[in-house]
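J.: As given, the protein sequences belong to chains A and B, one line each in that order. Just so we're aligned: 11 in the working numbering is position 11 of the first sequence, and the numbers increase by one with no gaps anywhere. Just so we're aligned: 212 in the working numbering is position 212 of the second sequence, and the numbers increase by one with no gaps anywhere.
Read the hints as simulated data drawn from the structure, not as lab findings. Wrong hints could be hidden among the right ones.
[As the list claims (entries may be wrong)] For the chain B half of the interface with chain A, some residues (derived, Cβ under 8 angstroms), not all of them:
#1 L41
#2 L45
#3 H49
#4 M53
#5 V66
#6 P87
#7 R91
#8 N308
#9 Y309
[Said to hold, decoys possible] Far from chain A by the CB rule (all over 10 angstroms, computed), these chain B residues:
#10 G99
#11 R122
#12 M200
#13 I244
Even glycine gets a Cβ: it sits at the ideal position worked out from N, Cα and C.
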Amino acid sequence: MTAPFCVHCGRAADDGEHAPCRTSRTALEPPRFCAACARRMVVQVTPMGWDARCSRHGAYTSEETG
Amino acid sequence: MTAAPGRTGVLAQAREQVLDRGEGLSQEQVLAVLRLPDEHLPDLLALAHEVRMRWCGPEVEVEGIVSLKTGGCPEDCHFCSQSGRFPSPVRSAWLDIPGLVKAARQTVETGATEFCIVAAVRGPDSRLLSQVREGIDAIRADGNDIRIACSLGMLTREQVDELVAMGVHRYNHNLETARSHFPAVVTTHSWEERWETLRMVAAAGMEVCCGGIIGMGETVEQRAEFAVQLAELRPHEVPVNFLIPQPGTPYEDFDIVEGRDALRTVAAFRLAMPRTMLRFAGGRELTLGDLGAEQGMLGGINAIIVGNYLTNLGRPARQDLDMLRDLRMPVKALSETL
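Could you put together the complete structure from these sequences and hints?
T.: This is the structure in structure tokens:
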């Protein structure tokens, strides 16, 4: 199932092409918005990964998402 | 005073002046290097590599960095997604001590000898310094054999002394850009305030790490100005970043630095500072890609940050370490830094 929201801009995933969210820059960017609700997440980048926390949907990590 | 060289004559001058005598280029000479046409770029990079090998040696210092306090910064550095003044998607976060220890452990496992603890602040308060002290103690107690550097903004003399007492051996505080360009980049503090912190750090016997970001609208003349201003500081290390245009910041629509300009700048900095550790830092993945990273390592760079940065991801550390192995550049061992 496709996530409803874009993790880079927080807009609905089916709202346009999201070209600015699929650049070489965003490939080097951890998720900033929750894919389930579009809330802005608290993100911690670590030397080898990242952790992101949504106040409603909990934690995501780079280990889980690859 | 050295006469301004011609476009191609500067390479011959640099060979004699920098490679043979170890004297960095003047501002006029750096400018001539930065204006070299593309067809001279391979020769320039080869010379910068020779200079690096001659005056620094083949070792590469590897470092990992982590943000102890992310976002919510009161300053208005126009490139930075951590400024609380811009509508960036980056939210404030504090890393807890177990998280800091884990980050240090991950860095040690790469073979790095440096671990830099960074906070997005104007300067540290007592709470932040307490957390840094607790963090360093916890990293040591966990058995991590690595040198610890800090980057906590502008310091008072007392804070410099506190960091020395904690065993912080190197302090990073970037001047970011040329003095003449700084007011266009930051308005909430001055270039001179940054310089004063660096002066106190050096006077206290800590190693000075000071670099900046290329691609913030500076002219080529200002890049040359920046190179010699850094050289005047005689820093132990100069991190070279390339702008990553961050959403929500005033520089979000800036162009990415063109790869050949980035390489020319790296080589020019090497020729301005033949003995200084020149570190590949943020933005190299975007500006140079994999091939460019190799060219940079063969064009004057002798240190790298591996893994991720403070708010952005880097390329996998393994990829950089493999690159160094393929280039036959040994990673500097901890014993060599003691």
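J.: Each hint should be assessed against the structure and marked as holding or not.
T.: For each hint, the structure was consulted:
With its C-beta approaching chain A no nearer than about 22 angstroms, L41(B) sits outside the 8 angstroms limit, and its interface hint is violated. The closest approach between the C-beta of L45(B) and any C-beta of chain A is roughly 23 angstroms, which is over the 8 angstroms cut-off, so the hint fails. About 27 angstroms separates the beta-carbon of H49(B) from the nearest beta-carbon of chain A, more than 8 angstroms, and the hint is not met. Hint on M53(B) is violated. Least Cβ distance to chain A is approximately 28 angstroms, over the 8 angstroms limit.
Given hint, V66(B) at the interface with chain A, holds; its Cβ is 6 angstroms from that chain's nearest Cβ, closer than 8 angstroms. At about 11 angstroms, the closest approach between the beta carbon of P87(B) and any beta carbon in chain A exceeds 8 angstroms, and the interface hint on this residue is violated. Contact between R91(B) and chain A, as hinted, is supported at the beta carbon level, the nearest pair being about 5 angstroms apart and thus within 8 angstroms. The interface hint given for N308(B) holds, since its Cβ lies 5 angstroms from the closest Cβ of chain A, which is under the 8 angstroms cut-off.
Hint status for Y309(B): holds, given a least beta-carbon distance of 7 angstroms to chain A, under 8 angstroms. The claim that G99(B) lies off the interface is violated: its Cβ sits roughly 7 angstroms from the closest Cβ of chain A, which falls inside the 10 angstroms cut-off. With a least beta-carbon separation of about 21 angstroms from chain A, R122(B) lies farther than 10 angstroms from that chain, consistent with its non-interface assignment. Distance check for M200(B) against chain A: the nearest CB is about 29 angstroms away, which clears 10 angstroms, and the non-interface claim stands.
At the 10 angstroms boundary, the C-beta of I244(B) falls inside the reach of chain A, the nearest C-beta of that chain being 6 angstroms off.
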